[in-house]
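So the sequences go chain by chain: Z and G.
Each residue of the first sequence is one higher than the last, beginning at 1 in my numbering.
Each residue of the second sequence is one higher than the last, beginning at 1 in my numbering.
Source of the hints: derived by calculation from the structure; they are not laboratory data.
Computed spacing ranges between beta-carbons, pair by pair:
hint : chain 1 : residue 1 : chain 2 : residue 2 : range
1    : G       : H75       : Z       : T430      : 33 to 39 Å
2    : Z       : D375      : G       : E94       : 49 to 55 Å
3    : G       : S68       : Z       : G312      : 45 to 51 Å
4    : Z       : R309      : G       : P71       : 55 to 61 Å
5    : G       : L117      : Z       : R309      : 55 to 61 Å
6    : G       : P71       : Z       : V501      : 56 to 62 Å
7    : G       : E94       : Z       : R276      : 56 to 62 Å
8    : G       : H75       : Z       : R362      : 43 to 49 Å
Here are some chain G residues pointing at chain Z (derived, C-beta under 10 Å):
hint : residue
9    : A16
10   : L22
11   : V53
12   : L81
13   : A103
14   : P105
15   : F106
16   : R110
All C-beta atoms, glycine included, are put in the ideal place defined by N, C-alpha and C.
What follows is each chain in one-letter form.
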Amino acid sequence: MSPFGAQLGDEYQRVPTAAELELAENESRYRRMVNLTGEGVLACDAEGFIAFANPAVALLADRLAGDLVGARFEDLVHPDDLGIFRERKRLRVGSRGDTFELRLRNASGREVWALVNVADVYEHGRVTGSVALLADVSARREAETSLAGAEQRYRTLLEMSPIGMFHVNRSGDLIYVNRKWCGIAGRSALVDTTPTWESVMHPDDFEVAARVLRAGFETGADFEENFRLQTPDGEIRWVTVRSVPIEATEGMTGGRLGTMEDVSAHRAAEDALRRREELYRSVIETMTEGVYIQDAAGHLIESNPAARRLLGAPSGDLRDVAVVREDGTALPASEFPAAVTLRTGEACTEVVLGVHDPVRGRRWLTSSSQPLHRDEYEAPWAAVCTFIDVTDRREVDRMKNEFISVVSHEMRTPLTSIKGALGLIAGGATGALSDTAQRMIDIAANNTNRLIRLVNDTLDIERIESGLIALVRTEVDLSELVRDAVAIVRPVAEREGVDIVADEAVGSEFRVMADSDRIIQTVTNLLSNAVKFSPAGSSVALSVDGRARIGGRDAVAVRVIDHGRGVPPERARDIFVRFHQVDASDSRDKGGTGLGLAICKSIVEEHGGNIWMEATRGGGATCVFTLPLSPTVSDKNPDVVSDAGWHSGWGR
Amino acid sequence: MHALIVDDDGDIREVARLSLELIGGWAVSEADCGSEAIERARALSPDVILLDVMMPGIDGVATLGVLSNDPRTSHIPVIFLTAKAQNGELRRLEAAGACGLIAKPFDPMRLPQEIELILSAGA
Chain Z
1 MSPFGAQLGD EYQRVPTAAE LELAENESRY RRMVNLTGEG VLACDAEGFI AFANPAVALL
61 ADRLAGDLVG ARFEDLVHPD DLGIFRERKR LRVGSRGDTF ELRLRNASGR EVWALVNVAD
121 VYEHGRVTGS VALLADVSAR REAETSLAGA EQRYRTLLEM SPIGMFHVNR SGDLIYVNRK
181 WCGIAGRSAL VDTTPTWESV MHPDDFEVAA RVLRAGFETG ADFEENFRLQ TPDGEIRWVT
241 VRSVPIEATE GMTGGRLGTM EDVSAHRAAE DALRRREELY RSVIETMTEG VYIQDAAGHL
301 IESNPAARRL LGAPSGDLRD VAVVREDGTA LPASEFPAAV TLRTGEACTE VVLGVHDPVR
361 GRRWLTSSSQ PLHRDEYEAP WAAVCTFIDV TDRREVDRMK NEFISVVSHE MRTPLTSIKG
421 ALGLIAGGAT GALSDTAQRM IDIAANNTNR LIRLVNDTLD IERIESGLIA LVRTEVDLSE
481 LVRDAVAIVR PVAEREGVDI VADEAVGSEF RVMADSDRII QTVTNLLSNA VKFSPAGSSV
541 ALSVDGRARI GGRDAVAVRV IDHGRGVPPE RARDIFVRFH QVDASDSRDK GGTGLGLAIC
601 KSIVEEHGGN IWMEATRGGG ATCVFTLPLS PTVSDKNPDV VSDAGWHSGW GR
Chain G
1 MHALIVDDDG DIREVARLSL ELIGGWAVSE ADCGSEAIER ARALSPDVIL LDVMMPGIDG
61 VATLGVLSND PRTSHIPVIF LTAKAQNGEL RRLEAAGACG LIAKPFDPMR LPQEIELILS
121 AGA
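Let's have the full structure, built from the sequences with the hints guiding it.
Set out below in structure tokens:
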């Protein structure tokens with residue numbers, strides 16, 4: 001029985017004394033107070049059975065107060081917290097009392113946290129029961145739990161943040177760093193101790209960076225700084241540190257919160273960009289070609305020293321100098337290559353500009369310009385214009401031209417007399433000769449002719465290669481030109497007993513942009529060669545094939561196939577070089593000059609075609625040349641008179 | 001047929017003369033410079049003038065200019081004899097108004113024939 005139970009039991013069994021009546025009145029008063037108080041009051045016997053529980057306990061347990069008496073205290077405890085309850089009970093043996101918190105078993109399932117103040121009641125040194133006060137602390141516990149949850153969430157966020165974060169105290173010492181901060185500094189995030197700035201900074205930056213950082217922390221303002229860190233394995237990282245001051249609050253040290261970002265990659269990219277720019281700038285500064293860049297609004301963005309020198313203008317801007325065309329008339333600024341490119345979006349190439357140099361007089365420049373596009377659909381935002389001084393080159397060209405002209409005239413004049421005189425004698429115009437005299441005169445006449453051919457061919461190839469002979473290209477049928485060449489060579493071939501056999505395709509039409517006379521000259525040369533090296537009684541075949549290709553373009557191929565002694569493969573390339581005949585004696589035996597194939601090569605290449613030698617199946621040589629089939633507009637002067645008049649009066 | 005050969009090189013004049021006389025059976029006169037050519041053309045009124053281009057003094061082109069502006073000689077066909085072969089030159093010669101051109105060195109056995117060919121084409 002509980003001490004209370006014993007007292008209550010006694011109360012009704014005898015007549016109370018006055019003192020007892022007063023005691024009873026007091027007790028009744030306390031009982032009412034106990035019943036009225038919001039705090040749970042519980043009395044248990046030595047075995048833990050409840051002897052008394054006030055209504056507040058019934059409220060906490062959500063049970064009828066009457067049901068509680070006779071139940072065990074343990075029955076009120078949440079099963080999960082029974083362990084705590086029993087442990088505390090064991091520990092408090094011999095002590096005055098204990099205070100702890102646990103959850104109560106609530107009949108309606110609500111989680112009720114109670115602050116338990118419990119004291120054991122002793123009689124003669126023996127525990128005869130216990131008294132407990134239970135206060136409902138659920139609201140406080142709930143608030144604490146949600147606060148802890150929030151803090152946990154924020155801490156997780158900080159730890160997961162892709163940006164380094166830190167908290168420094170008022171002295172600037174780190175008191176918290178997140179995982180990313182450690183990652184940037186190359187430190188393990190697991191180390192218990194918070195690192196110091198000093199331990200992560202680059203030694204060279206340490207003094208300055210630490211001072212700057214500390215000064216920043218000491219100001220009340222937000223600040224941002226860049227400096228280098230050095231990781232334990234020696235890697236250097238650039239970081240940007242930003243920080244804001246925070247006031248101290250309950251549970252939070254005052255100081256500053258901040259972020260630290262790794263900007264190494266960004267800085268490396270910037271460095272690479274800067275180095276490239278320096279590289280290009282040094283190239284542009286040192287190159288001998290003048291460069292200037294003009295934007296769409298017409299502003300000069302850039303010009304190099306060569307431009308300033310070549311134009312004789314300190315600005316390096318073409319618009320600051322007087323420019324003339326080749327014919328000496330003024331070229332307006334709207335016609336300058338850069339202006340044309342900005343207007344049309346098209347590149348300009350090799351525009352000839354005359355400028356005046358105060359020291360050297362008239363200088364000739366060729367200028368080209370290229371559009372700069374941000375994307376392919378937009379008009380150019382700028383034009384890059386380059387120019388080179390071609391004054392000397394033009395002078396050399398002029399001198400070469402003059403030299404060819406003089407040689408051509410000076411050599412042909414005596415040859416005219418020699419050929420004329422010998423021709424008249426050899427032709428019998430001056431009377432009959434003895435056989436020996438006739439033979440000697442023939443030799444002289446033949447060799448004079450050879451010398452003349454040599455002079456003509458040499459001048460020809462010089463002029464083709466130096467571009468002095470502009471091709472007069474018109475759209476023509478290649479087959480027709482081939483047939484013309486066959487007609488020219490056929491009489492010679494017949495004399496040699498060689499048959500020229502053209503394939504059926506020579507009757508088809510193949511349109512090419514070509515200089516007719518030059519192509520006929522080429523085919524004639526190739527046919528004459530083939531006939532020359534063919535044994536009597538053999539044939540030379542000629543074919544035209546419209547299915548050839550030149551660098552991805554449709555082309556037509558002409559083949560001249562002989563059955564002579566052929567060309568050794570190792571010589572196949574050489575024979576297109578001047579004076580490279582297969583056999584050195586050929587030029588004497590066959591009356592060639594050694595320039596025929598070289599001329600053919602020059603002509604074919606000027607037409608954008610190729611020429612080569614192949615072995616003929618069954619012995620002999622096959623010479624092939626190709627010409628582009630699709631129409632190509634001549635970029636030279638199409639109105640230039642051809643050289644054809646040379647041999648046969650004006651035109652053909 | 002009467003031809004006037006104009007060339008500062010005496011050898012060439014002689015070869016051309018022999019060719020025209022022997023092969024063609026023509027009558028031939030000579031002049032060794034532009035001014036003499038103009039004089040002789042006015043005086044002789046030949047059927048054709050073979051005119052060298054590069055001569056000291058008045059050159060072939062200038063001579064042709066004088067001849068074609070003179071009513072006494074403007075009807076006489078002029079054929080240039082030239083050792084020049086460059087495009088610029090040929091263009092200039094064509095523009096000067098000659099009726100043809102024979103390149104040096106020419107074939108002496110075919111010279112009269114070639115002249116006749118040019119004349120018949122121009123007629």
